[in-house]
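There are 2 protein chains.
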Amino acid sequence: MKVMILGIDGYIGWPLALREIEKGNEVSGIDNFFTRRRVREVNSDSVIPISTMQKRISAVREKTGARINFYRGDVANPSVVIDAVKKEKPDVVVHLAEQRSAPYSMIGLKQATQTMVKNIVSTLNLIYAIKDVVPHAHILKLGTMGEYGTPNIDIPEGFFEVQYNGRKDYLPFPKQAGSWYHWTKVHDSNNLMFANRVWRLGITDVMQGVVYGTRTTDINRTGLRTRFDIDEVWGTALNRFCAQAVAGLPITPYGKGGQTRGFLSLEDSISCLDLSISKPPAEGEYRVFNQFDEHYSVMQLAQMVKEVFEHDTGKEAVIRNVPNPRVEAEEHYYNPEHKKLAEMGYRHSRELKDEISIMLEDLAAHRPRIEALSDVISPHTAWKSSGIN
Amino acid sequence: MKVMILGIDGYIGWPLALREIEKGNEVSGIDNFFTRRRVREVNSDSVIPISTMQKRISAVREKTGARINFYRGDVANPSVVIDAVKKEKPDVVVHLAEQRSAPYSMIGLKQATQTMVKNIVSTLNLIYAIKDVVPHAHILKLGTMGEYGTPNIDIPEGFFEVQYNGRKDYLPFPKQAGSWYHWTKVHDSNNLMFANRVWRLGITDVMQGVVYGTRTTDINRTGLRTRFDIDEVWGTALNRFCAQAVAGLPITPYGKGGQTRGFLSLEDSISCLDLSISKPPAEGEYRVFNQFDEHYSVMQLAQMVKEVFEHDTGKEAVIRNVPNPRVEAEEHYYNPEHKKLAEMGYRHSRELKDEISIMLEDLAAHRPRIEALSDVISPHTAWKSSGIN
Numbered sequence: 001m002k003v004m005i006l007g008i009d010g011y012i013g014w015p016l017a018l019r020e021i022e023k024g025n026e027v028s029g030i031d032n033f034f035t036r037r038r039v040r041e042v043n044s045d046s047v048i049p050i051s052t053m054q055k056r057i058s059a060v061r062e063k064t065g066a067r068i069n070f071y072r073g074d075v076a077n078p079s080v081v082i083d084a085v086k087k088e089k090p091d092v093v094v095h096l097a098e099q100r101s102a103p104y105s106m107i108g109l110k111q112a113t114q115t116m117v118k119n120i121v122s123t124l125n126l127i128y129a130i131k132d133v134v135p136h137a138h139i140l141k142l143g144t145m146g147e148y149g150t151p152n153i154d155i156p157e158g159f160f161e162v163q164y165n166g167r168k169d170y171l172p173f174p175k176q177a178g179s180w181y182h183w184t185k186v187h188d189s190n191n192l193m194f195a196n197r198v199w200r201l202g203i204t205d206v207m208q209g210v211v212y213g214t215r216t217t218d219i220n221r222t223g224l225r226t227r228f229d230i231d232e233v234w235g236t237a238l239n240r241f242c243a244q245a246v247a248g249l250p251i252t253p254y255g256k257g258g259q260t261r262g263f264l265s266l267e268d269s270i271s272c273l274d275l276s277i278s279k280p281p282a283e284g285e286y287r288v289f290n291q292f293d294e295h296y297s298v299m300q301l302a303q304m305v306k307e308v309f310e311h312d313t314g315k316e317a318v319i320r321n322v323p324n325p326r327v328e329a330e331e332h333y334y335n336p337e338h339k340k341l342a343e344m345g346y347r348h349s350r351e352l353k354d355e356i357s358i359m360l361e362d363l364a365a366h367r368p369r370i371e372a373l374s375d376v377i378s379p380h381t382a383w384k385s386s387g388i389n
Numbered sequence: 001m002k003v004m005i006l007g008i009d010g011y012i013g014w015p016l017a018l019r020e021i022e023k024g025n026e027v028s029g030i031d032n033f034f035t036r037r038r039v040r041e042v043n044s045d046s047v048i049p050i051s052t053m054q055k056r057i058s059a060v061r062e063k064t065g066a067r068i069n070f071y072r073g074d075v076a077n078p079s080v081v082i083d084a085v086k087k088e089k090p091d092v093v094v095h096l097a098e099q100r101s102a103p104y105s106m107i108g109l110k111q112a113t114q115t116m117v118k119n120i121v122s123t124l125n126l127i128y129a130i131k132d133v134v135p136h137a138h139i140l141k142l143g144t145m146g147e148y149g150t151p152n153i154d155i156p157e158g159f160f161e162v163q164y165n166g167r168k169d170y171l172p173f174p175k176q177a178g179s180w181y182h183w184t185k186v187h188d189s190n191n192l193m194f195a196n197r198v199w200r201l202g203i204t205d206v207m208q209g210v211v212y213g214t215r216t217t218d219i220n221r222t223g224l225r226t227r228f229d230i231d232e233v234w235g236t237a238l239n240r241f242c243a244q245a246v247a248g249l250p251i252t253p254y255g256k257g258g259q260t261r262g263f264l265s266l267e268d269s270i271s272c273l274d275l276s277i278s279k280p281p282a283e284g285e286y287r288v289f290n291q292f293d294e295h296y297s298v299m300q301l302a303q304m305v306k307e308v309f310e311h312d313t314g315k316e317a318v319i320r321n322v323p324n325p326r327v328e329a330e331e332h333y334y335n336p337e338h339k340k341l342a343e344m345g346y347r348h349s350r351e352l353k354d355e356i357s358i359m360l361e362d363l364a365a366h367r368p369r370i371e372a373l374s375d376v377i378s379p380h381t382a383w384k385s386s387g388i389n
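First to last, the sequence lines map onto chains A and B.
When the letters of the first sequence are read in order and numbered with this note's numbering, they come out as residues 1 to 389.
When the letters of the second sequence are read in order and numbered with this note's numbering, they come out as residues 1 to 389.
Keep in mind that the hints were calculated from the coordinates and are not lab data.
Just so you know, not all the hints are guaranteed correct.
Note: identical chains are not told apart, hence a pair may lie in one copy or across any two.
DSBU-like mimics (lysine-lysine), calculated; alpha carbons at most 35 Å apart, straight line [what the hints assert, rightly or not]: (1) K279 with K384; (2) K87 with K384; (3) K86 with K353; (4) K2 with K384.
From a predicted model like this one, the values you see are computed outputs, not experimental measurements.
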């Protein structure tokens with residue numbers, strides 16, 4: 001199978017490429033190194049050192065014999081996507097190439113606009129490239145569980161039966177995202193649903209939980225690492241908590257820490273995406289998967305990192321709740337459904353505590369790099385103060 | 001009150017300016033004449049001749065003594081909106097300055113992208129300009145009933161109570177728009193709802209039905225006309241049907257003509273917007289109005305135009321259903337609620353048949369202009385064939 005990965009240089013893109021090569025698929029990819037550049041702009045860096053794309057591709061060639069056809073370019077530029085799709089004629093395109101930081105999108109109008117435009121335009125470009133060049137190819141698009149927000153009812157996988165004034169319909173679940181970034185994912189989902197309706201494109205729209213971890217089986221086998229961000233703009237809760245524990249910094253949940261989200265390990269994220277690739281949607285199907293293993297409150301995760309760290313090292317870790325820079329419910333009902341991937345054969349492979357233990361060990365080897373970033377870990381980007389400058 | 005109108009040169013923008021001047025409000029406006037230019041690009045023109053903005057402003061000054069502060073610029077350029085808002089310090093900004101044609105958005109990737117980007121970015125610019133400069137000002141944003149699509153249940157005004165798996169929440173109604181243009185309005189609504197949540201901006205989001213007509217009381221009083229489009233890209237169903245009847249062309253509903261939509265006259269549209277201006281939302285309120293009078297199927301409208309035309313002129317009019325260039329249900333349930341404006345005091349002032357009679361008379365005076373456009377009235381822009389070129 002020919003698998004094209006938009007955002008192949010990223011946290012998920014790179015280990016997905018390694019997995020698809022291991023599966024014997026032909027892998028190509030596009031990236032413009034947006035994340036590398038923007039992470040440096042906030043004086044941060046991947047805590048796990050990563051090679052250049054050129055070196056990554058050479059290393060893959062050496063270790064596996066596989067070639068990766070790489071295209072350097074911005075997927076918000078239509079000709080970049082269209083030309084690559086024309087050349088590769090992929091069976092599936094996995095779209096991971098969007099600006100992925102909620103805080104970045106909330107810095108101010110400029111970043112809000114850039115996030116909105118780049119993310120939406122990249123998906124439009126992909127829709128038209130697939131429609132006109134390889135109309136039977138599968139679009140596998142990364143969304144986020146954050147599209148749903150935290151409604152006071154169960155969250156279905158994309159669609160649900162609605163009763164209103166005595167009549168019924170099967171409708172998309174109403175979305176209530178919590179940042180401009182999260183809204184771009186909602187807008188993308190809506191645009192994909194429409195593209196499916198007009199042109200019957202086969203689409204998988206993945207509502208993914210928060211991904212954590214430093215390792216996958218393919219990373220372990222090849223030794224080719226993926227990036228790992230811990231700063232307030234580009235890092236995510238659990239990854240950041242582990243880094244804080246390792247560096248002897250307080251673990252800092254935002255606000256009360258009752259915010260509850262779905263989480264899954266990097267290994268399981270890659271397995272879910274790979275399963276979606278190997279079992280594509282039916283002709284003309286638009287399917288939505290909620291992709292996560294368990295839901296935890298941010299406070300539960302902080303406590304778990306503290307426990308595992310203290311157990312593994314014998315040292316003490318401190319939790320310090322800090323003012324929440326976001327506008328979000330800090331105590332709420334949360335019960336999203338996630339059956340579809342399990343029905344297709346997905347099995348959760350990693351226990352959260354074991355994964356935290358591995359992360360802590362991996363990060364301990366880079367403690368000086370984490371300490372050098374201690375200024376950019378604490379939250380500075382506040383939703384309320386996002387402005388025109 | 002200081003009223004700023006984005007898109008003051010348009011079909012609705014101009015008569016709204018006349019109304020607000022008549023009400024004694026101070027009126028300012030922004031426009032970049034996008035619609036004038038794009039209409040000419042499809043070899044079309046407003047059937048009712050309209051003056052340049054300069055002449056419009058001079059005529060208003062002569063007839064009413066009022067000054068309109070006009071800013072020529074693109075509202076997708078942040079400094080255009082921010083500078084005008086800083087200068088005017090408006091109490092309300094009415095946002096009518098978006099690309100408003102569904103067929104235009106479906107021509108191909110370039111037009112889809114332009115519609116998506118310009119519409120979304122203009123609303124983001126307005127959100128930030130209001131937030132940072134006049135945070136208590138009212139944003140009155142024009143959306144469309146087309147955001148809801150045609151679900152098989154009643155359509156509430158924006159929000160409804162949802163029961164699912166034994167629990168309840170009050171949620172935004174799921175949207176299912178039918179073109180890239182209509183989706184931009186959904187994305188705008190979502191972005192406005194979020195802006196209200198984070199910054200408590202006071203917002204009215206108007207889900208407006210299809211507007212028809214050539215006249216308002218203010219147009220009659222001042223003699224200052226508004227544009228009237230009839231081509232397949234920029235015209236809307238009822239306006240186009242009237243022009244076809246006048247020119248002796250067949251009236252052409254798309255497909256079976258069972259597509260049902262909410263409609264209202266230009267006079268009533270202006271009255272609803274004026275009512276929303278004079279009764280702004282509460283501090284921190286995001287309110288959604290469904291703004292239309294009656295819903296009709298396209299076939300009912302075609303028959304009504306035929307009847308009125310034959311009654312008024314004694315000549316025959318022919319209805320000819322043509323293949324539907326759109327992807328839409330041609331027979332469906334349709335029952336949207338529209339109580340909120342009525343509860344605020346709005347009363348329907350025009351009867352559809354009377355309004356059709358006036359339109360036919362107005363258009364008869366420009367029969368040669370309509371005949372010159374006969375090539376651009378028939379549908380060419382097909383949803384299915386929208387492509388990368």
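How do K279 and K384 come out at 35 Å by Cα distance, when the copy is not named: within, between, both, or neither? between (43 Å within a copy, 27 Å between copies)
If the cut is 35 Å between Cα atoms, do K2 and K384 qualify within a copy, between copies, both or neither? between (45 Å within a copy, 27 Å between copies)
Alpha-carbon proximity context of K86 and K353, limit 35 Å: neither (45 Å within a copy, 54 Å between copies)
Quick one: K87 to K384, C-alpha cut-off 35 Å, is that within a copy, between copies, both, or neither? Answer is between: at 24 Å across copies they meet the 35 Å cutoff, but 45 Å inside does not.
The structure shown violates just one earlier hint, number 3.
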